[in-house]
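Student: Each chain, written out:
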Amino acid sequence: MSWVERVAPVAFGVLGIALWQLAVWGLQVPVYVLPGPVAIVNAYAGDFDVLNAALVSTLTVTFAALLVSTVLGVALALAMAASNLARAAIQPWAVILQVTPVVAIAPLIIIWVNQPFMALVVCATIVAFFPVLSNTAAGLAATPVDLLDLFRLNGASRWQTLMLLRLPAALPYFLAGLRISGTLALVGAVVAEFVAGSGGFASGLAYRILEAGYRLEIPRMFAALVLLALAGMAIYGALGLFAHVLLRRRDAA
Amino acid sequence: MIELAGVGKKFPNSTVALEGISTSIAAGEFVALLGPSGCGKSTLLRLLAGLESPSEGEIAWPGGAPAAGEIGFVFQDATLMPWATAAENVYLPLRLRGKSRADTKSTVQSALRQVGLADFASAKPASLSGGMKMRVSIARALVSEPKLLLMDEPFAALDEFTRFKLQADLREVWQRSGKTIVFVTHSIYEAAYLATRVLVMSPRPGRVAADVTSHVADGPERRMAGDYTAFVRQLTETLREVMPL
Chain W
0 MSWVERVAPV AFGVLGIALW QLAVWGLQVP VYVLPGPVAI VNAYAGDFDV LNAALVSTLT
60 VTFAALLVST VLGVALALAM AASNLARAAI QPWAVILQVT PVVAIAPLII IWVNQPFMAL
120 VVCATIVAFF PVLSNTAAGL AATPVDLLDL FRLNGASRWQ TLMLLRLPAA LPYFLAGLRI
180 SGTLALVGAV VAEFVAGSGG FASGLAYRIL EAGYRLEIPR MFAALVLLAL AGMAIYGALG
240 LFAHVLLRRR DAA
Chain R
0 MIELAGVGKK FPNSTVALEG ISTSIAAGEF VALLGPSGCG KSTLLRLLAG LESPSEGEIA
60 WPGGAPAAGE IGFVFQDATL MPWATAAENV YLPLRLRGKS RADTKSTVQS ALRQVGLADF
120 ASAKPASLSG GMKMRVSIAR ALVSEPKLLL MDEPFAALDE FTRFKLQADL REVWQRSGKT
180 IVFVTHSIYE AAYLATRVLV MSPRPGRVAA DVTSHVADGP ERRMAGDYTA FVRQLTETLR
240 EVMPL
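Taken in order, these protein sequences are the chains called W and R. Per numbering that gives the first Met the number 0, the first sequence starts with residue 0, numbered consecutively. Per numbering that gives the first Met the number 0, the second sequence starts with residue 0, numbered consecutively.
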């Protein structure tokens with residue numbers, strides 16, 4: 000990638016923001032309809048502590064859900080790889096959970112799980128765990144057949160085959176799934192916070208967005224949205240970098 | 000060492016890969032299985048390895064069936080673990096048999112030396128050429144001192160120069176170790192150069208159409224010798240009879 004290609008998205012973004020600000024000034028758009036970038040930055044600066052605390056709260060739910068998704072996804076993928084019966088039993092339910100909109104079941108979860116933080120983590124986990132599960136299961140199933148034969152010829156136990164071959168072979172698949180799950184955990188956390196926030200439970204950036212909407216504090220709403228977008232990009236980028244470094248260190252000479 | 004009596008293999012999709020294979024392989028022989036693609040050579044190799052079971056007939060081991068790890072297998076691709084160094088890949092069969100890394104360090108090093116890769120022990124597969132990867136694969140097959148070495152077109156994907164070198168090295172390993180080798184190939188030249196005996200197989204369902212013993216003299220100029228050329232001609236004629244062009 001040339002330096003022009005690297006700089007292009009940043010330059011495009013800066014240009015867009017500048018045009019946005021100029022349009023808002025030039026057309027005198029009311030701030031409650033569309034605030035300009037300067038108003039958004041001012042809103043963030045003015046509400047720095049509250050918005051940052053909300054960001055930390057959302058990220059705590061996100062990372063907790065990502066952790067649970069990882070453990071749950073890998074455990075279920077291992078069970079599915081170990082037994083066709085387990086695969087037949089688990090797969091349809093995993094798909095059902097994935098295709099059911101979490102916004103539709105979040106109110107129920109929030110009623111059933113008394114502890115609000117746990118309820119948010121459960122909702123975000125339902126959204127986030129599927130990519131880890133499906134990618135890890137695909138990786139475990141894609142172990143090179145010749146290597147499996149080699150392990151068989153040498154009398155390897157199932158445990159040895161799992162630890163020395165199948166798990167390392169599935170690592171790139173797992174990491175790709177983890178990257179998708181990272182951003183989905185954030186989406187799940189925000190959706191759950193919206194539902195919980197509508198019910199009066201104050202937590203996270205989604206609640207701050209709702210609150211700002213009720214009060215017509217549109218710049219503050221945008222500031223929270225920008226924080227969410229940046230958090231999503233940071234999670235995606237960090238998990239991508241983690242995978243890149245890990246696989247490069249592992250496989251490079 | 001191995002007795003095959005009426006061995007056949009039919010797959011669940013009704014494909015008959017092999018039919019009525021009866022032959023024997025003596026200890027120390029270098030046998031090439033020669034035939035066109037799809038004639039069941041690789042299936043026969045997998046039957047010998049115990050990776051598949053024959054649908055009919057019997058494979059007997061008069062001297063005792065080999066235990067786990069006593070058969071070395073080299074695949075068409077090097078099939079190395081990309082995350083492990085050359086030494087770790089070679090150590091794998093020993094590791095699976097519960098031997099410690101420390102106790103087997105010199106054995107692994109010696110196997111790598113045998114294939115000319117003593118200086119590449121800590122290299123990962125990504126940094127090795129195709130020929131070097133195949134050498135690691137051969138070292139891995141040799142490290143556990145197998146009674147029988149099965150090789151499934153291991154040099155087919157390599158360039159001519161690398162293939163010639165590896166063929167010469169393999170002959171040397173065989174002469175030094177006296178191992179029994181069964182080598183699958185669809186190259187007449189490769190079979191004529193390497194083997195002491197060539198089993199020519201017919202197209203599907205695979206049968207042993209001819210059992211030809213080599214009389215090519217050993218020596219550094221083996222590939223240039225007149226009896227090698229004559230053997231190539233003999234194999235070519237045999238193949239023409241089996242599979243008219």
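No wet-lab data here; the hints were simulated from the structure. Bear in mind the structure is a predicted one, so any value in this text is a computation, not a measurement. A portion of the hints provided could be inaccurate.
Said to hold, decoys possible - Pulled from the structure, derived: some chain W residues nowhere near chain R, Cβ distances all over 10 Å:
| no. | residue |
| --- | --- |
| 1 | 16 |
| 2 | 114 |
| 3 | 242 |
Said to hold, decoys possible - If you want the ones that stay clear, here's a sample from chain W, every Cβ over 12 Å from chain R, calculated:
| no. | residue |
| --- | --- |
| 4 | 70 |
| 5 | 147 |
| 6 | 150 |
| 7 | 152 |
| 8 | 154 |
| 9 | 159 |
What the hints assert, rightly or not - A few chain W residues facing chain R, derived, Cβ under 10 Å:
| no. | residue |
| --- | --- |
| 10 | 12 |
| 11 | 13 |
| 12 | 15 |
| 13 | 17 |
| 14 | 83 |
| 15 | 155 |
| 16 | 156 |
| 17 | 157 |
| 18 | 163 |
| 19 | 214 |
| 20 | 243 |
| 21 | 244 |
| 22 | 246 |
| 23 | 250 |
Glycine is no exception: its CB is placed at the ideal position from the N, C-alpha and C atoms.
Student: Look at each hint and say if it fits the structure.
Tutor: Tested hints:
no., hint, in the structure
1, 16, "42 Å, holds"
2, 114, "41 Å, holds"
3, 242, "14 Å, holds"
4, 70, "23 Å, holds"
5, 147, "10 Å, violated"
6, 150, "7 Å, violated"
7, 152, "6 Å, violated"
8, 154, "3 Å, violated"
9, 159, "6 Å, violated"
10, 12, "36 Å, violated"
11, 13, "39 Å, violated"
12, 15, "41 Å, violated"
13, 17, "45 Å, violated"
14, 83, "17 Å, violated"
15, 155, "5 Å, holds"
16, 156, "8 Å, holds"
17, 157, "12 Å, violated"
18, 163, "7 Å, holds"
19, 214, "54 Å, violated"
20, 243, "15 Å, violated"
21, 244, "14 Å, violated"
22, 246, "9 Å, holds"
23, 250, "5 Å, holds"
In terms of the numbered hints stated before, the structure departs from hints 5, 6, 7, 8, 9, 10, 11, 12, 13, 14, 17, 19, 20, 21, listed from lowest to highest.
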